[in-house]
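2 protein chains.
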Amino acid sequence: MLAVSCVRACSRAFRSATPMRPVHSAVGITVAQIDEEVAKLLELKAKLGGDDGKHQFVLKTAKGTRDYNPKQMAIREKVFNTVVACFKRHGAETIDTPVFELKETLTGKYGEDSKLIYDLKDQGGELLSLRYDLTVPFARYLAMNKITNIKRYHIAKVYRRDNPSMTRGRYREFYQCDFDIAGQYDAMIPDAECLKIVHEILSELELGDFRIKVNDRRILDGMFAACGVPDDKFRTICSTVDKLDKMSWEDVKNEMVNEKGLSEQAADLIGEFVSMQGGRDLAERLLQNPRLSQNKLACSGLSDVKLLFSYLELFQVTDKVVFDLSLARGLDYYTGLIYEAVLTQAGLSGDTLNGAEDSVSVGSVAGGGRYDGLVGMFDPKGRKVPCVGVSFGIERIFTIMEQKAESSADKVRTTEVQVLVASAQKNLLEERLKLVTDLWKAGIKAEVMYKKNPKLLSQLQHCEESGIPLVAILGEQELKDGVVKLRVVATREEVDFSRADLIREIRRRTSEA
Amino acid sequence: MLAVSCVRACSRAFRSATPMRPVHSAVGITVAQIDEEVAKLLELKAKLGGDDGKHQFVLKTAKGTRDYNPKQMAIREKVFNTVVACFKRHGAETIDTPVFELKETLTGKYGEDSKLIYDLKDQGGELLSLRYDLTVPFARYLAMNKITNIKRYHIAKVYRRDNPSMTRGRYREFYQCDFDIAGQYDAMIPDAECLKIVHEILSELELGDFRIKVNDRRILDGMFAACGVPDDKFRTICSTVDKLDKMSWEDVKNEMVNEKGLSEQAADLIGEFVSMQGGRDLAERLLQNPRLSQNKLACSGLSDVKLLFSYLELFQVTDKVVFDLSLARGLDYYTGLIYEAVLTQAGLSGDTLNGAEDSVSVGSVAGGGRYDGLVGMFDPKGRKVPCVGVSFGIERIFTIMEQKAESSADKVRTTEVQVLVASAQKNLLEERLKLVTDLWKAGIKAEVMYKKNPKLLSQLQHCEESGIPLVAILGEQELKDGVVKLRVVATREEVDFSRADLIREIRRRTSEA
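Line order of the protein sequences matches chains A and B.
Start counting the first sequence at 203; every next residue gets the next number (our numbering).
Start counting the second sequence at 203; every next residue gets the next number (our numbering).
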């Protein structure tokens with residue numbers, strides 16, 4: 203019993219010695235000493251045999267993650283093809299970065315969300331963490347390679363130890379599809395192209411109607427100043443404003459006044475602003491607003507929003523874009539324009555946010571903004587590379603597409619096989635293997651069943667199940683005549699072809715499909 | 203000082219209380235209690251501010267990993283396209299699994315290599331590890347979803363804390379491209395298709411000449427028995443045999459006899475066998491071998507190799523396949539046929555294994571085999587699903603392709619942009635944005651420069667640098683005439699087109715390329 207009571211005493215001692223002040227000198231214990239003690243305790247734990255000896259093998263994936271089955275992969279491929287085609291149409295290159303980064307690369311980039319980062323175990327060597335997004339690795343990549351301009355996309359999985367909600371497409375491992383433009387350019391031109399891309403992709407995916415909300419960090423900060431929010435409360439008030447898509451104004455105001463100590467008057471002034479939505483006209487109006495027009499930051503933000511809308515008109519996307527002063531976005535690194543795309547139809551059946559009745563918004567499917575300071579955080583000399591980008595949260599889109607596929611009459615094919623090489627009688631395996639070899643050589647997608655003597659019926663059944671449109675049937679008669687019988691699965695029509703004609707005929711019949 | 207000396211006392215107490223026996227009851231401390239104490243110590247560490255205040259920021263990727271730049275990505279995309287096209291031609295579906303698995307899912311599957319697994323930090327919740335290969339997650343997926351037959355491919359990154367060697371394409375994070383056939387089928391038909399796929403992919407990638415070595419775990423085990431290796435030494439002798447591609451026979455024999463205690467006579471008998479290479483004829487000869495023919499396991503392995511070669515002849519791939527009795531392969535889970543593809547030309551400049559003079563082999567680029575027991579390890583009732591598959595170690599292939607691209611005169615394009623929309627005079631940004639919008643709408647890959655008034659020369663220069671073949675030039679005269687000047691970058695030829703004709707002309711000129 204000695205050891206345990208001693209450990210307890212120790213930690214009591216630590217607790218009482220470390221109220222809220224730095225304890226380095228106060229207690230006289232070093233981090234290295236703590237590391238050593240931790241290692242010893244963990245070693246003891248290992249000797250005890252893990253979790254108190256209760257061990258039962260569980261057949262599952264890790265919490266908040268899922269496998270993709272072939273049907274889901276077919277949908278995923280379709281979504282990626284649309285997204286990548288758009289990124290390429292806009293001239294982007296692509297890069298890839300490792301799934302983990304040095305822990306310190308991620309440190310200090312995500313504010314409060316940092317607690318959601320997955321760390322790797324210290325197995326000797328560097329301390330590593332799984333990437334939390336693709337933006338910070340991108341900035342690290344730019345600084346490390348001294349790249350000052352690039353237009354790139356990056357599609358990869360990111361990791362967040364968040365509360366998962368599978369039905370709403372919220373996972374701990376999920377894909378992001380990022381498009382970013384880095385470089386010193388004239389104001390709002392790259393920013394407008396990012397919004398153009400959001401418009402194109404969401405339109406092409408046919409997910410239903412959507413809106414793209416835009417705002418600007420400079421307008422938010424200027425607005426806070428104009429409303430009398432003290433400088434040191436900007437960030438925390440900003441994160442309360444960010445909750446407006448999930449909470450009522452009354453609750454938000456309550457949090458500002460009662461939790462964060464803002465004056466009621468300041469809160470009411472904010473309330474007036476954040477209820478404003480519009481387009482270029484709103485930006486113009488606010489430039490005349492007696493409060494905001496006093497603030498330099500707000501004015502430059504508003505002028506840029508005005509300029510942005512003029513480019514968006516040329517890009518023909520103003521039908522979906524709303525200048526919305528309540529948009530705040532969580533991440534620390536944004537410095538200018540911010541935006542977020544939301545689907546305005548209830549694409550997910552029975553899915554409402556926080557159980558609210560308002561089922562209009564199914565949540566954000568893309569977001570982004572300008573982050574002109576992030577690359578400089580990695581550069582030893584602090585050299586800045588202005589960046590703007592957008593990230594598609596593709597899992598929620600998958601979920602919607604999956605539900606659409608479920609309710610659709612069309613079967614999702616998971617292979618692209620054009621023809622099954624089948625036999626009508628026994629002992630024709632060799633002939634089947636010879637023919638399928640010829641077809642593969644000709645680039646035709648073809649299969650044989652891996653049985654010596656499969657029944658014709660089970661071969662035809664396999665075609666029905668996997669949606670294979672054609673069957674090339676070999677029988678003794680066909681071999682004698684030097685032909686192959688080509689059967690169309692859908693119509694049961696059968697025609698004999700010479701080997702030479704067969705390949706042409708398969709190509710002809712499957713290129714239309 | 204109290205706390206520290208107390209922690210020290212505690213750990214001393216633990217140490218002395220836990221010599222080599224289970225300590226659960228002896229000390230009276232539970233794992234939960236230890237967890238709690240560890241958490242408290244780590245919290246204290248965080249308050250102390252990390253690693254004793256020594257902090258220097260390093261701008262790098264984690265050891266053994268790398269970024270892919272756009273040029274490398276273009277090459278990677280080309281390799282993947284070849285690989286995926288082949289997998290699809292053979293009728294495979296695809297799946298995906300999470301990057302991490304429950305730690306226990308990986309436990310006991312990799313033998314000695316288990317020490318190379320990356321574990322995640324215990325942040326509360328499940329204990330997780332990064333996947334070590336795609337085979338074990340595949341088996342877990344089959345068991346979990348009760349799938350008894352599937353032909354699937356899976357392309358994803360895997361993680362091994364091995365000694366990296368970048369120049370030789372050996373990383374800690376690397377891609378595997380796996381193709382597997384699960385199901386109860388007639389012998390050697392799916393196995394032969396796996397080898398056919400290796401043959402097709404390595405031929406199409408044009409990496410130079412290659413050989414595919416095949417052997418069978420049952421032949422190895424039968425051979426060991428026939429040579430008088432004691433049952434309990436099969437595995438360890440097998441892993442020594444596996445070193446024959448890197449060590450001379452003398453060194454291998456030395457390890458068997460002096461390190462692993464095998465009799466010299468048994469070692470010499472093994473030596474005779476492992477020097478044998480051949481085709482179907484060798485399998486036939488060994489079936490008559492007085493030692494091997496006594497062994498049931500060896501005989502069934504040899505008959506299957508014979509059968510395999512008859513299918514490989516029909517698939518027209520015997521030119522590259524060698525039955526090689528020295529092939530052993532490291533992983534524990536193989537139960538039957540095993541194979542490995544090696545490039546036989548020195549594709550990597552200055553790259554020789556372990557500095558040996560023998561630069562013929564640049565090492566294995568693909569490997570696989572039959573693993574009939576692995577899925578059963580995950581099934582609660584132990585139900586088996588026979589599987590055979592192949593894995594392409596694609597990083598080494600990338601390295602070779604990159605070096606080929608370096609030495610080639612052709613420039614690797616990293617975007618697919620067909621046309622740059624440029625302006626000849628100032629103040630034409632709006633017109634450029636309008637035109638590029640039209641082109642995007644028509645599905646044409648197009649760019650504008652993000653400047654209000656870029657110089658024509660710098661616009662043309664951008665085309666030269668990124669290999670953009672066409673420039674659509676707008677000037678005051680063109681606008682007045684209602685035309686666009688289309689310039690071919692390579693020839694400097696310029697022709698005016700109406701807007702309606704422009705799109706058709708761009709398509710025509712870039713579809714040939």
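Check before you lean on any hint, since a few could be wrong.
Which copy? The list can't say, so a pair holds if one copy fits it or any two copies do.
[What the hints assert, rightly or not] Keeping only pairs whose Cα atoms sit at most 20 Å apart, straight-line, the calculated EDC-like set for lysine to aspartate or glutamate is:
| hint | residue 1 | residue 2 |
| --- | --- | --- |
| 1 | K636 | E515 |
| 2 | K654 | E695 |
| 3 | K348 | E515 |
| 4 | K348 | D269 |
| 5 | K498 | E667 |
| 6 | K653 | E633 |
| 7 | K359 | E696 |
| 8 | K265 | E328 |
| 9 | K654 | D506 |
| 10 | K359 | D269 |
| 11 | K628 | E452 |
| 12 | K317 | D364 |
| 13 | K359 | D321 |
| 14 | K290 | D470 |
| 15 | K305 | D335 |
| 16 | K462 | D335 |
| 17 | K348 | D683 |
| 18 | K613 | D321 |
| 19 | K653 | D574 |
Hints were generated in silico from the structure; no laboratory data involved.
Hints broken by the structure, by number, lowest first? 2, 3, 5, 7, 11, 14, 16, 17, 18
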